[in-house]
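Chains as they are written, first to last, in this note's numbering: chain A, 1 to 177; chain B, 178 to 336.
Keep in mind that the hints were calculated from the coordinates and are not lab data. It cannot be assumed that every hint is accurate.
To be verified - Residues from chain A shown here face chain B by an in silico Cβ test under 7 Å; the list is partial:
1) 17
2) 20
3) 40
4) 41
5) 45
6) 49
7) 131
In this text the structure is predicted, and so the values were computed from the model without any measurement. In this text, a Cβ means the ideal position worked out from N, Cα and C, and glycines have one as well.
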Amino acid sequence: MPSIAETVWRIVDAPTWDQRVARVRQIPAMHGTSEHSGIYAEIARQLYVAHLAPDYAYVPVEDFYELPHFSQAYQRAVEATAGFARVSVADLEAAIVAEPTVLLPLRVITGLLKNEFAGATKLVGEGLGLRPLSASKVDSMERSGTPAVCVSGDSLRDVPASASLRWGFPAVAGCDV
Amino acid sequence: MFLHQRHYGGAFRQLLDATSELRGGMIEDAVEALFSDHGIRYIRTGSHNQAEIAARFEVTVQPAPDFVVFDGADNLRVLLECKGANDGGTARDKALRFERLQDESVRLGGIPLVAVLGGLGWTRVNDTLGPVVRDCDGRVFSVSNLQEMLTVAPFASLL
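With the rest of the complex left out, here is chain A:
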């Protein structure tokens, strides 16, 4: 029966990947279960840790999050609502149907994240007999202008009211609601 150190050395010293795999597979046959975790950890430390690298240095640049995309959607919302003066259910519905990307500035005015907005349409839609939006649908409308087949201005108009439910949450020490 080899020692733990001998087993680790045999695996670290394997000349090919296939032999390394074969030797790793022999561990359960050569050692009691109480030794397994220590052996795998030591192999991991000696053979694999050095290849790991952080990914937090990567900050992807995506047009969707850059100012031009938002500015364009915002300008369309301004035009469709006469500078946010025409915000009736019918006005908002027409604006979104004509140009789904205007949902982006309208949503951020409500202060809701995509998932939150989608959840809010469910709350509102149930009462109105409307199908809710999914978060991915919200995303595709805002990102690429995918047609809004089931959006109603009713939902959008009422979302701020639904969002205001947050103000009804009981106060918790140390938290803002």
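Fit chain B to the supplied structure of chain A, relying on the hints for placement.
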């Protein structure tokens, strides 16, 4: 002000969160490029093709691994999962996924399971990387040595 935002999250954190999927996709993108460059038959799985993976290869674990590799006779040859984690707690949670995939590998008759990992969370070896090495029989790679994966069975026979 910007440093204060970093301290509690703010715009910097929001941007990182908003693009986390893209950062997570970097490992998968590297694997896909490797397979494409070497003519290896594969399917990159997603929510759109889970049913196809189950029907075609009898892989029923949900969700299916990030990649399934098959040969010219349409036989399943490899299950491959990519996972990035920059903190040990996240890596520990994600390591459990490989246990499930190992069970699926055994159920399917011993289809090799391969891990491609990224991020410093995996440097915690006792309860994160060690178990993944166990579940994958040592077939664990990162982007920096991904090319070596092609030397491991059964990839060499699929080139």
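Against the structure, the hints:
1. 17: It holds, given that the least Cβ distance between residue 17 of chain A and chain B is near 4 Å, below 7 Å.
2. 20: Given a least distance of 5 Å, the restraint on residue 20 of chain A holds.
3. 40: For residue 40 of chain A, the interface hint holds, since the closest Cβ of chain B sits about 4 Å away, which is under 7 Å.
4. 41: OK, holds: residue 41 of chain A within 7 Å of chain B, min 4 Å.
5. 45: Cβ of residue 45 of chain A sits 5 Å from chain B, so the hint holds.
6. 49: Hint holds; residue 49 of chain A Cβ to chain B Cβ min 5 Å, cut 7 Å.
7. 131: 19 Å, violated
Of the hints listed earlier, the one the structure fails to meet is number 7.
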